[in-house]
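S.K.: Next come the chains, spelled out residue by residue.
4 protein chains.
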Amino acid sequence: MKLKHKIFHLVEKGSHGSKMNLIFDYSIMALIILNTIAIILKSIPEINSHIRIFLIEFEIFSVIIFSIEYLLRIYVADMTHPSPSKTKSIVKFIFSPYGIIDLLAILPFYLPFIISIDLRFLRILRLMRFLRLMKINRYNSSLKLIGEVIKEKKTELAMTGFITLLILLIASFLMYDVEGKVQPEKFPNILACFWWAIATLTTVGYGDVYPITALGKFISGVIATVGIGIVALPTGIISAGFMGKIENKKNPVQKCPHCGKNTQP
Amino acid sequence: MKLKHKIFHLVEKGSHGSKMNLIFDYSIMALIILNTIAIILKSIPEINSHIRIFLIEFEIFSVIIFSIEYLLRIYVADMTHPSPSKTKSIVKFIFSPYGIIDLLAILPFYLPFIISIDLRFLRILRLMRFLRLMKINRYNSSLKLIGEVIKEKKTELAMTGFITLLILLIASFLMYDVEGKVQPEKFPNILACFWWAIATLTTVGYGDVYPITALGKFISGVIATVGIGIVALPTGIISAGFMGKIENKKNPVQKCPHCGKNTQP
Amino acid sequence: MKLKHKIFHLVEKGSHGSKMNLIFDYSIMALIILNTIAIILKSIPEINSHIRIFLIEFEIFSVIIFSIEYLLRIYVADMTHPSPSKTKSIVKFIFSPYGIIDLLAILPFYLPFIISIDLRFLRILRLMRFLRLMKINRYNSSLKLIGEVIKEKKTELAMTGFITLLILLIASFLMYDVEGKVQPEKFPNILACFWWAIATLTTVGYGDVYPITALGKFISGVIATVGIGIVALPTGIISAGFMGKIENKKNPVQKCPHCGKNTQP
Amino acid sequence: MKLKHKIFHLVEKGSHGSKMNLIFDYSIMALIILNTIAIILKSIPEINSHIRIFLIEFEIFSVIIFSIEYLLRIYVADMTHPSPSKTKSIVKFIFSPYGIIDLLAILPFYLPFIISIDLRFLRILRLMRFLRLMKINRYNSSLKLIGEVIKEKKTELAMTGFITLLILLIASFLMYDVEGKVQPEKFPNILACFWWAIATLTTVGYGDVYPITALGKFISGVIATVGIGIVALPTGIISAGFMGKIENKKNPVQKCPHCGKNTQP
Numbered sequence: 001m002k003l004k005h006k007i008f009h010l011v012e013k014g015s016h017g018s019k020m021n022l023i024f025d026y027s028i029m030a031l032i033i034l035n036t037i038a039i040i041l042k043s044i045p046e047i048n049s050h051i052r053i054f055l056i057e058f059e060i061f062s063v064i065i066f067s068i069e070y071l072l073r074i075y076v077a078d079m080t081h082p083s084p085s086k087t088k089s090i091v092k093f094i095f096s097p098y099g100i101i102d103l104l105a106i107l108p109f110y111l112p113f114i115i116s117i118d119l120r121f122l123r124i125l126r127l128m129r130f131l132r133l134m135k136i137n138r139y140n141s142s143l144k145l146i147g148e149v150i151k152e153k154k155t156e157l158a159m160t161g162f163i164t165l166l167i168l169l170i171a172s173f174l175m176y177d178v179e180g181k182v183q184p185e186k187f188p189n190i191l192a193c194f195w196w197a198i199a200t201l202t203t204v205g206y207g208d209v210y211p212i213t214a215l216g217k218f219i220s221g222v223i224a225t226v227g228i229g230i231v232a233l234p235t236g237i238i239s240a241g242f243m244g245k246i247e248n249k250k251n252p253v254q255k256c257p258h259c260g261k262n263t264q265p
Numbered sequence: 001m002k003l004k005h006k007i008f009h010l011v012e013k014g015s016h017g018s019k020m021n022l023i024f025d026y027s028i029m030a031l032i033i034l035n036t037i038a039i040i041l042k043s044i045p046e047i048n049s050h051i052r053i054f055l056i057e058f059e060i061f062s063v064i065i066f067s068i069e070y071l072l073r074i075y076v077a078d079m080t081h082p083s084p085s086k087t088k089s090i091v092k093f094i095f096s097p098y099g100i101i102d103l104l105a106i107l108p109f110y111l112p113f114i115i116s117i118d119l120r121f122l123r124i125l126r127l128m129r130f131l132r133l134m135k136i137n138r139y140n141s142s143l144k145l146i147g148e149v150i151k152e153k154k155t156e157l158a159m160t161g162f163i164t165l166l167i168l169l170i171a172s173f174l175m176y177d178v179e180g181k182v183q184p185e186k187f188p189n190i191l192a193c194f195w196w197a198i199a200t201l202t203t204v205g206y207g208d209v210y211p212i213t214a215l216g217k218f219i220s221g222v223i224a225t226v227g228i229g230i231v232a233l234p235t236g237i238i239s240a241g242f243m244g245k246i247e248n249k250k251n252p253v254q255k256c257p258h259c260g261k262n263t264q265p
Numbered sequence: 001m002k003l004k005h006k007i008f009h010l011v012e013k014g015s016h017g018s019k020m021n022l023i024f025d026y027s028i029m030a031l032i033i034l035n036t037i038a039i040i041l042k043s044i045p046e047i048n049s050h051i052r053i054f055l056i057e058f059e060i061f062s063v064i065i066f067s068i069e070y071l072l073r074i075y076v077a078d079m080t081h082p083s084p085s086k087t088k089s090i091v092k093f094i095f096s097p098y099g100i101i102d103l104l105a106i107l108p109f110y111l112p113f114i115i116s117i118d119l120r121f122l123r124i125l126r127l128m129r130f131l132r133l134m135k136i137n138r139y140n141s142s143l144k145l146i147g148e149v150i151k152e153k154k155t156e157l158a159m160t161g162f163i164t165l166l167i168l169l170i171a172s173f174l175m176y177d178v179e180g181k182v183q184p185e186k187f188p189n190i191l192a193c194f195w196w197a198i199a200t201l202t203t204v205g206y207g208d209v210y211p212i213t214a215l216g217k218f219i220s221g222v223i224a225t226v227g228i229g230i231v232a233l234p235t236g237i238i239s240a241g242f243m244g245k246i247e248n249k250k251n252p253v254q255k256c257p258h259c260g261k262n263t264q265p
Numbered sequence: 001m002k003l004k005h006k007i008f009h010l011v012e013k014g015s016h017g018s019k020m021n022l023i024f025d026y027s028i029m030a031l032i033i034l035n036t037i038a039i040i041l042k043s044i045p046e047i048n049s050h051i052r053i054f055l056i057e058f059e060i061f062s063v064i065i066f067s068i069e070y071l072l073r074i075y076v077a078d079m080t081h082p083s084p085s086k087t088k089s090i091v092k093f094i095f096s097p098y099g100i101i102d103l104l105a106i107l108p109f110y111l112p113f114i115i116s117i118d119l120r121f122l123r124i125l126r127l128m129r130f131l132r133l134m135k136i137n138r139y140n141s142s143l144k145l146i147g148e149v150i151k152e153k154k155t156e157l158a159m160t161g162f163i164t165l166l167i168l169l170i171a172s173f174l175m176y177d178v179e180g181k182v183q184p185e186k187f188p189n190i191l192a193c194f195w196w197a198i199a200t201l202t203t204v205g206y207g208d209v210y211p212i213t214a215l216g217k218f219i220s221g222v223i224a225t226v227g228i229g230i231v232a233l234p235t236g237i238i239s240a241g242f243m244g245k246i247e248n249k250k251n252p253v254q255k256c257p258h259c260g261k262n263t264q265p
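Residue numbers (the working numbering), protein chains in the order written: chain W, 1 to 265; chain R, 1 to 265; chain V, 1 to 265; chain H, 1 to 265.
One or more hints might be untrue.
All copies of an identical chain are treated as equivalent in the list; a pair is satisfied when it fits inside any one copy or across any two copies.
What the hints assert, rightly or not - Calculated lysine-lysine pairs in the DSSO-like style (CA-CA distance at most 30 angstroms, straight line):
no. : residue 1 : residue 2
1   : K154      : K144
2   : K249      : K6
3   : K249      : K151
4   : K186      : K42
5   : K144      : K186
6   : K249      : K144
7   : K86       : K154
8   : K6        : K86
9   : K42       : K151
10  : K245      : K151
The set of hints was computed from the structure by calculation and includes no laboratory data.
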C-alpha cells in the first residue's frame with residue numbers, strides 16, 4: 001500500500017513539492033519532446049542508417065516508458081478517480097480526457113502487431129501527449145485565462161467567423177464567374193476559387209493562383225483589404241476580453257476592506 | 001384562420017419556443033447550407049453525371065421549398081407587416097429587406113423560363129439567404145454589438161480608409177515612374193501599379209508583380225512597413241470601441257458617492 | 001469689397017453653412033478626385049485616342065480651375081492671413097502649408113512651358129491636393145484624434161521601429177553569410193538580404209527571394225514569427241492610446257456636477 | 001585627475017547636460033550608424049574600387065575611435081564601476097553587459113592579426129553597438145515600458161507560443177502524410193513540412209511550397225485562418241498589458257471614499 005501511495009504521488013503532477021516528483025515530471029516531458037524530435041528526424045531520408053536504428057530504438061524505449069506510466073496510472077486509478085469499485089475507477093480513468101490522450105499516444109505502436117494495416121499516419125497522436133505539458137501549474141492559469149476570454153467572447157468570435165465565411169463564399173462565387181472563363185485551369189470550380197479566397201483573405205498569397213482580369217484584381221483587392229478588418233475584429237474583441245478580465249480582478253465587488261461598504265455606491 | 005395563425009408562428013423565427021417552430025427554422029437553415037454546397041459541387045467538372053443529376057434535382061427541390069416559404073410569408077404578410085389593407089401589407093413585406101432577400105434567392109431560378117439570357121451568375125444571390133441565419137436570437141446580440149462598435153467608430157475607420165487610399169495612390173504614382181520603365185510588362189500603367197500597391201500594403205504578396213530596381217524595392221519596403229501600421233490603426237480603434245461598450249455596460253449611470261446624483265446629467 | 005467678402009466666404013471651407021459654399025467645396029473635391037482618375041486613365045496605353053484627348057482637355061480644364069482658385073486665395077489673403085501689409089499677407093499664404101500644397105498641385109503643369117525638362121513625374125504632387133479633403137469638418141476631429149494618439153505614443157512607436165530595424169539588420173547580416181554563398185544571385189549583398197528581411201518580417205513574401213538552406217529557413221521562420229510580435233506591439237500601444245483618450249474624455253477631472261467634489265477622492 | 005574627471009563625464013552618457021558631452025554622444029552614434037552602412041555597402045560587388053578603399057579606410061578609422069573609447073572606459077572604470085581595487089573595477093567593467101558589447105564590436109577587427117581564420121561573419125557583432133543607442137534617456141523609459149509589459153505577460157505570451165508550436169507540429173505531421181506522397185520533392189520530410197507550416201501560419205506564403213491536393217489545401221486554409229487568431233491573441237494580451245500600465249499610473253492607490261483607507265491593503 002505504501003508503494004501505491006508513492007506511485008500516486010509520483011504520477012499526479014504539480015501537486016506536491018517533492019524532488020522525486022519534479023524529476024519524474026520533467027523526465028516524462030523531456031521524453032515527450034525527444035520522442036517528437038525522433039519522429040521528425042526519422043522522416044528525413046538523408047539520415048544515415050546508424051542514426052535511424054538509434055531513433056527506432058529510442059522510439060521503442062520511450063513507448064515502453066509511456067506504457068509503464070499508463071499501467072501505473074491504471075494501478076492507482078482508484079485513488080485518482082475515486083469510485084465505488086476498483087473496476088469503475090479504471091474505466092473512469094481510461095475514458096477521462098487525459099486517459100484517452102495517454103492511450104492514443106501509445107496505441108499506434110502496438111496496433112501493427114494485432115492488425116496488419118499501415119497505421120504510421122497515427123503517429124500524429126503522439127503529439128497529443130504535448131497536452132500533458134499544459135498541466136504544469138505555472139502555465140495552467142495563463143491557459144485558463146486565455147480559455148476564459150475565448151469562451152466569454154465565443155459568440156462574438158463565432159459571428160466574426162460566420163461573416164468571414166460569408167465573405168469567402170461571395171468572393172468565390174464572383175471569382176468563378178469572373179476568372180473561371182479566362183483561367184479555367186486555375187479557377188476550374190467554386191471550390192478552387194474558395195482556395196484562392198482563403199489564401200487572399202488571410203493574406204498568405206502563395207502566388208499559385210491569382211486574378212489576371214481587371215475585375216478579378218478589383219475583387220481580389222477588396223477581399224485583401226477586408227482581410228485587414230477580419231484581423232482587426234477578433235483582435236479587438238480579444239483585447240477587450242483580456243482588459244475586462246484585468247478590470248474584474250482589480251474591482252471584483254469593489255468593497256472596501258476596512259469599512260465593508262462598496263467603493264462605488 | 002387557425003391555420004394562418006399556425007403559419008404565422010412557423011415562419012416568424014426565434015420568437016416562440018415551440019418544437020415545431022425550431023424544427024422549421026433549422027430545416028430552412030440546413031436547406032440554405034446544403035443548397036450552397038450543391039451549387040459549389042455542381043461547378044466541379046469532375047463530378048460524375050449521376051451525382052450531377054441528383055444535385056440538380058436537389059436544387060429544384062430546395063427552390064420549391066423556398067418558393068413555398070415565400071408564398072406563405074406573403075399569405076401571412078398582414079400579420080407580420082400590419083397595414084390598413086391586405087395589399088399594402090404584401091407590398092410592405094415584398095419591399096422589406098428580408099422580403100427582397102427571399103425573392104432574390106429564388107428569382108434566378110425562374111427567370112430563364114421567362115427571358116432567355118444566361119443568368120447563372122445570379123446564383124450568387126442564393127448566398128443572400130445566409131443573412132436569414134443571422135436572425136437566430138443567440139447571435140443577434142453579438143452581431144448588434146459588432147455593428148454598434150463599427151458604427152460608433154465609423155468616422156475614425158473611414159479616416160483610416162482615406163489615409164490608406166492616399167498611401168496606395170502615392171505608392172502607385174511613384175512606382176509607375178520608377179518600375180514602369182524597367183518592367184513595362186508588369187507595371188504598364190498606374191492602375192497596374194495600384195494592384196501591386198494593394199497586394200503589398202495588405203501583405204498578400206502573390207509574387208506576380210514585384211519591384212526589381214533598388215528604388216522600387218525601397219518604396220515597396222516602406223509600403224509594406226506602413227501596412228503594419230494600417231493594421232494597427234483600425235485594430236486599435238475597434239479594440240477601444242469594444243472596451244468602451246463593456247465599460248458603458250458596467251458604469252451606466254456613474255453616481256457621485258457624495259451627493260448621490262448622476263455625474264453625467 | 002462685397003465681392004471680396006463673398007470670395008472669402010467661398011474659399012474658406014466648412015466654416016459657414018451657406019449652400020453656395022457647400023457646392024463650391026464639393027465641386028473642388030469632385031474635381032480633385034476626377035483629376036486623379038484622369039491621370040490614372042491617361043497612363044493606360046490601351047485607352048484610345050478619343051478618350052485620351054478628352055482626358056488631356058479635362059486635365060487642362062481642372063488645372064485652370066485650380067489656378068483660378070489659387071489666384072482667388074491670393075486675392076483674399078489679407079483676410080485669411082491678416083498681416084500689417086497686403087504683400088506680407090500674400091507671402092504668408094503662399095508659404096503656409098495649404099498655400100504650398102495648392103501651388104505644388106498646379107506648378108508641374110506650367111513648368112514645361114518655362115523649362116524644357118520632363119517633369120511628368122511631378123504629377124504625383126497633384127495628389128497632395130487630396131490633403132485639402134481632410135479639411136471637411138466631420139472628419140477633422142477623427143484625424144485629430146488619430147494624430148493625437150500617434151503623437152502621444154510617439155516614443156513607444158519609435159522604439160518599436162528601432163527594434164524592428166535592428167532585427168532586420170541582424171537578419172540581413174546573418175542571411176548574407178548563410179544564403180549568400182548558396183544563392184549568390186538572390187542574396188548577392190547585405191542590401192539584397194535586407195529586401196528579403198523586410199518582405200519576410202512584414203509577411204508580404206513575394207516569393208522572388210527565399211532561403212533554401214536549412215539554417216536559412218530557420219532564420220526565416222524566426223523572423224516571420226517575430227513579425228507577428230512586431231504587429232502586436234504597435235497595435236497594443238495604439239489600442240491603449242485610443243482607450244486612454246476615451247477614458248480621459250469620460251472622466252476629465254471627475255468632479256461631480258452637483259456638489260462640485262471629485263468623485264474619486 | 002582633472003582630465004580623468006572630464007573623460008568620465010564624457011563617456012557616461014545622458015547624465016550631464018554639457019554641450020561637449022552631447023557632441024561626443026552624437027558623434028559616437030553617428031559613427032555606429034555610418035559604420036553599419038559602410039559594412040552594408042562593402043558587401044555590394046558593384047561598388048567600384050575607389051569607394052571600396054574609402055570604405056575600408058573608414059572602417060579602420062571607426063574601429064580605432066571605438067578602441068580609443070573602449071580604452072578610455074577602462075581608464076575611468078574605477079569611477080564608473082567602483083571597487084576596492086583598480087583591477088577589480090576594470091574586470092567589473094569588462095564583464096559588464098556594455099563592456100562585453102563594446103569589446104565584441106572591436107574584437108573581430110583585431111582577431112585576424114592574431115589567428116588566421118576567416119572571421120568576417122563576426123562582423124554582425126558590430127551591430128551590437130546599436131544597443132548603446134538605447135541608452136538615450138528619452139527612449140529609455142519607452143523601452144522600459146515595453147519591456148515591463150512583455151515581462152508581465154510573459155506566461156500568457158509563452159502559452160500562446162506553445163499553442164502555436166503545437167499547431168505547427170500537428171499541421172506538419174498531417175501535411176507529411178497528405179502531401180508527402182504527391183509532392184515528395186516539396187514535402188520530403190516533416191522538417192520541410194514545418195517550413196511550409198510556419199510560412200503559412202505567419203501568412204508569409206513565399207510560394208515555394210504549397211499544397212496541391214484537396215485535403216492539403218483544406219489543412220492549409222485552416223492553418224492560415226488559425227494564423228489570424230495567433231496574431232489576435234498576443235495582440236490582445238499586449239493591448240491589455242499596456243492598458244493596465246496606464247490605469248495603474250492613474251489610480252495607483254485606490255482609496256475608499258467612505259473611510260479613506262486603501263482598498264487594496
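S.K.: Compare the structure with each hint and give your call.
M.R.: Results for each hint:
1. K154 - K144: both (15 angstroms within a copy, 15 angstroms between copies)
2. K249 - K6: Result: close neither inside a copy nor across copies, 38 angstroms intra and 50 angstroms inter.
3. K249 - K151: So K249 and K151 pass the 30 angstroms test inside a copy (17 angstroms) and across (19 angstroms) alike.
4. K186 - K42: Cα proximity of K186 and K42: across copies only (17 angstroms, versus 36 angstroms in one copy).
5. K144 - K186: Result: close neither inside a copy nor across copies, 44 angstroms intra and 38 angstroms inter.
6. K249 - K144: both (14 angstroms within a copy, 25 angstroms between copies)
7. K86 - K154: neither (39 angstroms within a copy, 43 angstroms between copies)
8. K6 - K86: within (18 angstroms within a copy, 56 angstroms between copies)
9. K42 - K151: Neither way: K42 and K151 sit 39 angstroms apart in one copy and 37 angstroms across, limit 30 angstroms.
10. K245 - K151: both (12 angstroms within a copy, 18 angstroms between copies)
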